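There are 2 protein chains.
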Amino acid sequence: MSEFSKKKMQKAIHLSLKSITKGGGPFGAVIVKDGKEIASGYNQVTTKNDPTAHAEVTAIRKAAKKLKKFDLSGCEIYTSCEPCPMCLSAIYWARIDKIYYANTKADAKSIGFDDSFIYDQLKLPQDKRIIPVIKMMRNEAIKAFERWENKEDKMKY
Amino acid sequence: MSEFSKKKMQKAIHLSLKSITKGGGPFGAVIVKDGKEIASGYNQVTTKNDPTAHAEVTAIRKAAKKLKKFDLSGCEIYTSCEPCPMCLSAIYWARIDKIYYANTKADAKSIGFDDSFIYDQLKLPQDKRIIPVIKMMRNEAIKAFERWENKEDKMKY
Numbered sequence: 298m299s300e301f302s303k304k305k306m307q308k309a310i311h312l313s314l315k316s317i318t319k320g321g322g323p324f325g326a327v328i329v330k331d332g333k334e335i336a337s338g339y340n341q342v343t344t345k346n347d348p349t350a351h352a353e354v355t356a357i358r359k360a361a362k363k364l365k366k367f368d369l370s371g372c373e374i375y376t377s378c379e380p381c382p383m384c385l386s387a388i389y390w391a392r393i394d395k396i397y398y399a400n401t402k403a404d405a406k407s408i409g410f411d412d413s414f415i416y417d418q419l420k421l422p423q424d425k426r427i428i429p430v431i432k433m434m435r436n437e438a439i440k441a442f443e444r445w446e447n448k449e450d451k452m453k454y
Numbered sequence: 298m299s300e301f302s303k304k305k306m307q308k309a310i311h312l313s314l315k316s317i318t319k320g321g322g323p324f325g326a327v328i329v330k331d332g333k334e335i336a337s338g339y340n341q342v343t344t345k346n347d348p349t350a351h352a353e354v355t356a357i358r359k360a361a362k363k364l365k366k367f368d369l370s371g372c373e374i375y376t377s378c379e380p381c382p383m384c385l386s387a388i389y390w391a392r393i394d395k396i397y398y399a400n401t402k403a404d405a406k407s408i409g410f411d412d413s414f415i416y417d418q419l420k421l422p423q424d425k426r427i428i429p430v431i432k433m434m435r436n437e438a439i440k441a442f443e444r445w446e447n448k449e450d451k452m453k454y
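So the sequence lines, in the order shown, correspond to chains A and B.
Its first residue numbered 298, the first sequence is counted upward by one per residue in our numbering.
Its first residue numbered 298, the second sequence is counted upward by one per residue in our numbering.
FYI, nobody ran anything at the bench for these hints, they're computed from the structure.
Do not take every clue at face value.
Intra- or inter-copy, both count: the list cannot distinguish identical chains.
[Unchecked claim] Calculated pairs, DSS-like style, for lysine-lysine (alpha carbon to alpha carbon, straight line, at most 27 Å): (1) 406 <-> 303; (2) 345 <-> 362; (3) 304 <-> 440; (4) 319 <-> 362; (5) 425 <-> 345; (6) 359 <-> 345; (7) 432 <-> 308; (8) 420 <-> 333; (9) 395 <-> 420; (10) 319 <-> 363; (11) 432 <-> 365; (12) 420 <-> 362.
Since the structure is predicted, the reported quantities are computational estimates derived from the model, not experimental observations.
Chain A on its own, in the form it takes in the complex (with noise of 0.2 Å):
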């Protein structure tokens, strides 16, 4: 592990005690470029009420916006805790390169906090979630994408 590895660890460590001071939930996470720091998060699910202000999200964001890009390819993120399904899918839809982490989501169930229960729900199908889905007007939505497919100027993600 390198020494770079360590200091942002140790930041992003940092940060999720820091949350809880403020009032947040005890996560935070750091994203780097190039050897570079380019943002920081934590959680601000309950002092924002944003409940999707988990500290990786919030690291995301900051991050494009500060590289005018939604694209972090050649980004690297270092997490307090492994990636909840939503903070996991955020990071692929980000495109980032690598992933470190310390605590598991095994950790972060035994203190109270839902992600395994996600996981698990994630990879049933739809009609054994606990969330009921209705399937309803596909006829008039998919409009939306055949417009979408035949745009010549689209800005594809």
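Starting from the known structure of chain A, arrange chain B on it as the hints suggest.
Using the frame of chain A, we list chain B on its own:
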């Protein structure tokens, strides 16, 4: 299907079309509670340089801000496309009661969106996924979880 449901899905579809004209991806979402619309959103990934700004996440953020709560129990979401794993996980974290959707993740795949790919990645064990994952420094990070566990006035979510 109720008239109310139809109208709300029509609005989500309308937003998916509007999003294209604004330069974003073809996705829209509406959140309702007790028969009233609370918030809506459309895809702003490319227009806001935010890889997490999918329609559902955008609508969730707005609804939580409006209701001044991170817990959206009692709310339902209408989305023009089956939620990707990031948005589905966000829906779980937000404790939304029910999901209505129109286009499918297969439809999304057919016009070039990675939803299905990410669903498949999440099902794999860590060492089989395309993004490398490195575990480190759990002994230091776990201190934040212990501190959280011992905090008496913590705000759970």
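The hints, checked one at a time:
1. 406 <-> 303: within (25 Å within a copy, 38 Å between copies)
2. 345 <-> 362: Both: 19 Å inside a chain and 8 Å across chains, each within 27 Å.
3. 304 <-> 440: between (50 Å within a copy, 17 Å between copies)
4. 319 <-> 362: Both: 24 Å inside a chain and 19 Å across chains, each within 27 Å.
5. 425 <-> 345: Result: close neither inside a copy nor across copies, 32 Å intra and 35 Å inter.
6. 359 <-> 345: Classified as both: same-chain Cα gap 15 Å, cross-chain 11 Å, threshold 27 Å.
7. 432 <-> 308: between (44 Å within a copy, 15 Å between copies)
8. 420 <-> 333: neither (36 Å within a copy, 32 Å between copies)
9. 395 <-> 420: both (23 Å within a copy, 18 Å between copies)
10. 319 <-> 363: So residue 319 and residue 363 pass the 27 Å test inside a copy (24 Å) and across (22 Å) alike.
11. 432 <-> 365: neither (36 Å within a copy, 29 Å between copies)
12. 420 <-> 362: neither (32 Å within a copy, 30 Å between copies)
In the structure shown, a violation is registered for the earlier hints numbered 5, 8, 11, 12, in ascending order.
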